[in-house]
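> According to this note's numbering, the sequence shown is numbered sequentially starting from 1.
No wet-lab data here; the hints were simulated from the structure. These numbers come from a predicted model, not from an experiment. For each residue, glycine too, the CB sits at the ideal point set by N, CA and C. Certain hints may be false.
[Stated by the list, open to error] Between beta-carbon pairs, the in silico distance windows are:
#	residue 1	residue 2	range
1	72	217	41 to 51 Å
2	34	86	18 to 28 Å
3	114	65	16 to 26 Å
4	115	27	40 to 50 Å
5	32	90	15 to 25 Å
6	115	209	16 to 26 Å
7	217	27	42 to 52 Å
8	106	133	10 to 20 Å
9	20	217	28 to 38 Å
10	86	133	25 to 35 Å
11	136	68	24 to 34 Å
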Amino acid sequence: MRAVVFDWRGTLVSELTPRGWASEALRRAGRAHHPAAADALLARIRAAAGQPNRLQSPQGNTSAARHRQTYYEVFAAARLDTEVADALFAVDSDPTYNDFAADAAEAIAMLRENGCKIGVLSNIHFDVRPCFDRAGLLDAIDAFALSGEEGMQKPDPAIFRLILTRLGTRAGATLMVGDRPSRDGVAVEVGMPTLLVPPLTDPGVRQLHLVTSAVLGASDRVAA
Numbered sequence: 001m002r003a004v005v006f007d008w009r010g011t012l013v014s015e016l017t018p019r020g021w022a023s024e025a026l027r028r029a030g031r032a033h034h035p036a037a038a039d040a041l042l043a044r045i046r047a048a049a050g051q052p053n054r055l056q057s058p059q060g061n062t063s064a065a066r067h068r069q070t071y072y073e074v075f076a077a078a079r080l081d082t083e084v085a086d087a088l089f090a091v092d093s094d095p096t097y098n099d100f101a102a103d104a105a106e107a108i109a110m111l112r113e114n115g116c117k118i119g120v121l122s123n124i125h126f127d128v129r130p131c132f133d134r135a136g137l138l139d140a141i142d143a144f145a146l147s148g149e150e151g152m153q154k155p156d157p158a159i160f161r162l163i164l165t166r167l168g169t170r171a172g173a174t175l176m177v178g179d180r181p182s183r184d185g186v187a188v189e190v191g192m193p194t195l196l197v198p199p200l201t202d203p204g205v206r207q208l209h210l211v212t213s214a215v216l217g218a219s220d221r222v223a224a
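Start from the sequences and build out the full structure, keeping to the hints where you can.
Have a look at this one:
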């Protein structure tokens with residue numbers, strides 16, 4: 001492998017569970033935020049989002065404005081009041097709820113020490129570079145492709161090709177690492193080997209050794 005491309009939320013950083021998102025929004029809005037209240041709010045949102053889920057629209061993260069429009073259309077359909085709707089969107093857009101995995105820095109450093117470039121490919125409506133900067137990891141990333149900046153998002157194969165171009169590596173020599181088969185798994189369609197990890201909701205969980213073992217183990221086998 002010449003490069004590894006990481007998804008952001010749920011892979012390199014933790015993400016709130018749906019119940020955690022609803023509960024924290026209710027707390028910020030000054031409402032009861034116990035599990036039953038969070039579940040009731042989620043039920044209203046899910047009913048309003050419909051099937052397929054409008055909050056997971058294939059265009060919903062292609063710009064900050066489109067992301068906001070998508071979410072607020074669903075909130076309006078769910079008949080949520082302004083305070084709760086604003087709190088839900090604020091929590092969704094606040095990277096302080098996304099902590100880097102305990103082994104993220106270690107895994108990235110190990111990959112770079114072994115000659116791998118590092119890319120970040122994320123369906124996200126805001127700039128995540130400041131998060132990497134605060135964590136002391138910005139200089140370790142060779143290329144970013146963020147959907148809100150690019151006007152396209154996973155599972156569009158074009159955004160995978162874009163990160164390959166920015167890294168200057170071949171698809172077959174670039175590993176995609178993510179947590180969603182329906183989005184990250186599409187990397188195989190452009191020829192990228194793909195490793196799916198369980199969605200990270202606890203930053204203390206150390207699972208990125210799966211990545212380093214796959215990459216460095218493969219390198220050892222080639223060398224042998």
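> Look at the Cβ atoms of residue 20 and residue 217 and judge whether their distance stays inside 28 to 38 Å.
For residue 217 against residue 20, whose Cβ atoms are near 34 Å apart, the range 28 to 38 Å holds.
> Could one say that the CB atoms of residue 32 and residue 90 fall in the range 15 to 25 Å?
holds (18 Å)
> When you take the CB atoms of residue 106 and residue 133, is the distance between them in 10 to 20 Å?
holds (18 Å)
> Using the Cβ atoms, figure out if residue 217 sits within 42 to 52 Å of residue 27.
holds (44 Å)
> Could you say whether the range 41 to 51 Å given as a hint is met by the Cβ separation of residue 72 and residue 217?
holds (46 Å)
> Would you say the C-beta atoms of residue 34 and residue 86 sit inside 18 to 28 Å of each other?
Holds: the Cβ-Cβ distance is about 21 Å, inside 18 to 28 Å.
> Range first: 16 to 26 Å. Now tell me if the beta carbons of residue 114 and residue 65 are that far apart.
Violated, at about 41 Å.
> Does the Cβ pair residue 115, residue 209 satisfy 16 to 26 Å?
holds (18 Å)
> Could you tell me whether the CB distance from residue 86 to residue 133 stays inside 25 to 35 Å?
Holds, at about 27 Å.
> Lying within 40 to 50 Å: is that true of the beta-carbon distance residue 115 to residue 27?
holds (46 Å)
> Is 24 to 34 Å right for how far apart the beta carbons of residue 136 and residue 68 are?
holds (30 Å)
Consistency note: the structure conflicts with earlier hint 3 alone.
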